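S.K.: Going down the list, the protein sequences come from chains D and V. Just remember that this note's numbering sits 1 ahead of the position in the first sequence, which is counted from 1. Note that this note's numbering numbers the second sequence so that position 36 is 29, with each residue one more than the last.
Just so you know, not all the hints are guaranteed correct.
Claimed, not checked - List time: in silico DSS-like cross-link candidates among lysine-lysine, alpha-carbon distance up to 27 Å: (1) V:Lys8 <-> D:Lys112; (2) D:Lys123 <-> V:Lys328; (3) V:Lys328 <-> D:Lys130; (4) D:Lys112 <-> D:Lys130.
Unchecked claim - Chain D residues, not near chain V, derived (Cβ > 12 Å throughout): (5) Asn69; (6) Gly178; (7) Gly252; (8) Ala255.
Said to hold, decoys possible - Sample of chain V residues facing chain D (criterion: CB under 10 Å; computed from the structure): (9) Asn2; (10) Arg81; (11) Ala84; (12) Leu89; (13) Pro90; (14) Thr95; (15) Arg133; (16) Glu253; (17) Pro262; (18) Leu264; (19) Arg362.
Calculated directly from the structure, the hints in this document are not laboratory data. Quick caveat, the model's predicted, so the values are computed rather than measured. Even glycine gets a Cβ: it sits at the ideal position worked out from N, Cα and C.
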Amino acid sequence: MIEVRGAVKRFDGFAALDGAGLTAEAGSVYGLVGPNGAGKSTLLRVLAGVCRPDGGTVLLDGQPVYENPAVKQRVAFIPDELYFFVSATVADMRRFLRSVYPAFDDARYRKLGAAFGLDEHKPLRRMSKGMQKQAAFWLALSLRPEVLLLDEPVDGLDPVMRRQMWGLLLTDVGECGTTVLVSSHNLRELEDVCDRVGVLHRGKTLLERDLSQLQDDICKLQYVGERAPEGLEVLHESASGRLRTLIVRGGAAAASAAAERAQPLFFDVLPLTLEEIFIYELGGEHYAVKDILL
Amino acid sequence: MRSKTSFFNRGIDRKSLTRYWPVWAAFLALWLLLLPTALTARRLYAEESGRWYDGVVTGFAGAPAVLIVFFFALFAAMAVWSYLFSPRAAAFYHALPVRRRTLFFTQYLTGLAFLAGPACLTALVTWVTELAIGCADGGRAVLVWLGAVLLLSLFFFSLATLCAFLTGHAVALPALYLLLNFAVVVIEYLVRVALTRFLPSVEVGSLCFAAMSPPAWLLSNSLSCGGTCYAGFPYLGWLAFAAAVLTVCALLLYERRHTESAGDVIAVPFLRPVFRVGAALGCAVVLGSGFFALLGGEQSRPLYVGCLLCGGLIGYLAAEMLLCKRFRVLRGCWKRLLPALCAVLALACMIAFDLCGAEKWTPAPGEVRSVTLEDSVFQAPDDISRVIALHHLALSENRRGGGNEASIEIAYRLRDGRSVRRWYRIGRAAADAGDPQTALGLCVEILNAPEAVLSRVLPRQADALSGITVCGSGGAERVLRPDDWDGLLAAVRADAEAGRLGRWPQPETDTWQLRTEYRAGGRYGSRCVCFGSGAAQVIAFLKNNGYWES
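I would like the entire structure built from these sequences, with the hints used as guidance.
M.R.: If you want it as structure tokens, here you go:
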């Protein structure tokens, strides 16, 4: 289990993490979302043991990650900006990683090699960004990690490869109980794979819930009528002709009941996509996209 | 569960060795070319003794070793610590399941192996070569060379390692390395040059802090002294101790280093103000002296202060630009700039206006072990007090140009081990010569005393006389036989006591010279006094013994 409580990380006085926290159960996929500069990459780097947190606790199965090789052996980290040795091939990287990670699985490496179809003897710098990303996945999954930290993992991958990548990850989660912590701007994609979502903003965790719970807690109410439904916490309101749309906090049942009491000509309660939830939750935090959608 | 503590990771070590092979391969190739190959080539053309070949090998432990190791230690450090300078590489290495301490020792030992491995291999090949070509003399010279190269490698690599942890940029590392190696002597030299410009009595002399610049010290001192003799080991021992301290400092910095400092010019936050002020002061002296020389300011103190302020301003802004990585920095830094410029102003005034009182300084008689005035050495307390009194008079006359002056040099050896040397110009009016209340009069009285004259012929500290030569006004020289030395010295004493020889200031009629050569404390020295036709005893002795023709 990954547990982060009150993590603080400052860069020259600027707090990239300012009390962030998250809890990810073993064998789950955790989506980390937030606007640019929210601290997602920093949190992942802290979790990977790259940076030392200035405050708070960062634990993996109850053990601190920073300067703890026994814990770090169980973690694979694919950053947004990949690093390979100059002129190295996948085979070179494999040799190096095998000498550092005791759990490196050669059989899995060979099996994944067939799936990815990359030439392991081709210099990585001659590969496209997408192919380099595939190589990074190939090597990371060969480490047989218990925790996989992914920062914008499918950027640069074509749709077929994205699907294949998620398939491989979810297979690992299902078969090996791998915990995946993924940060991404592609919320539609996270929506399909995440069990739990955390929203970061300005270094703080705004909310953290199971995806299903999150979707149950906010809904979109559309109606045509003279009276506005009462007793609802409205996060956003807009109109298009006679059709009015409200984004309200609370479950679909409560929104339906309130709408019925207002006796509109027509009403409908719709679930929000993760992207819409992200925008409206952050709207309350003065996020500038408040009025973009709908 | 924490893993067992390990201080070395073979996987990372192997990767660094294979990845940066050009560094150690070039180091090896260079030494193989210089030592075994050079020995073989010399053997082909010369039939010399084994000791001669030992001298050749030990010679390579001097300047060649210093220069080669100086640069290759930097290259090795730039290679093994290169991951610190790229954010991606830093993230990759620090995500590996190794502690920073393990990473540090692995990379440190690997970098050291880049230098030590080829050095050991070269030593082995050289020794085998010596055996093969028949010029081996026990292999001692090879061991001396190896010891020197290993100690030099240890120091220079440790220094470069510390530089790597102070900086976060691949270009900043060599810049800081060069700066730390040479800044002290360059700045001290420039300050001394400026001091002599404004304070003529103060000498440039030998640099006090030369030992703070190891390459400059090692290159300026002759370390190889023939055969297997190598004089540099005591200093190299100190450097090895310094290397251990530098390594500990580097490790402590690494354990606190922020990964995100990759790309910063100065990676340690608390050193950034030091860097700014250091750049301001350093550039003030270096650039300011350059501006002053370009403007031909001679002895204009305000101009010098202005030049130093300009240099300091440029240095501070350049440092700020490097730290902020942008050119427009003035608006954000002017508040911090003012104290730095005040420091530069204080430094400039200290140099130009002698705020430390270097020129006006005189010692208390009790502080002085001995004093030398114009080649005459005085150790008696009374004599020392009289020279100090002369020093006071010279200061009060404070002559600078204007003609009819005599120049005197006073050099003190103090009881705390320091040496202080001063030059002064004093009035040379004939009327003053007999008045001991004037600097000239007192100087004449001190220097023309018989013991003072005799000490100019043969210093008291001389262990043995090794030669006496008499030079005529036409350039003819007569070298005296050792049998005649005592007789001549007796004649010299008689003339000195009568005030007929070695008088100061030198009369125009004293056109002949008596030059003595002596040995003192293992070193050779020489002295020269002048005499004229009035030195009756000396001339008579020379005539009687066939050294004087007309």
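S.K.: Determine which of the earlier numbered hints do not hold for this structure and return their numbers in increasing order.
M.R.: 2, 3, 5, 15, 18 and 19
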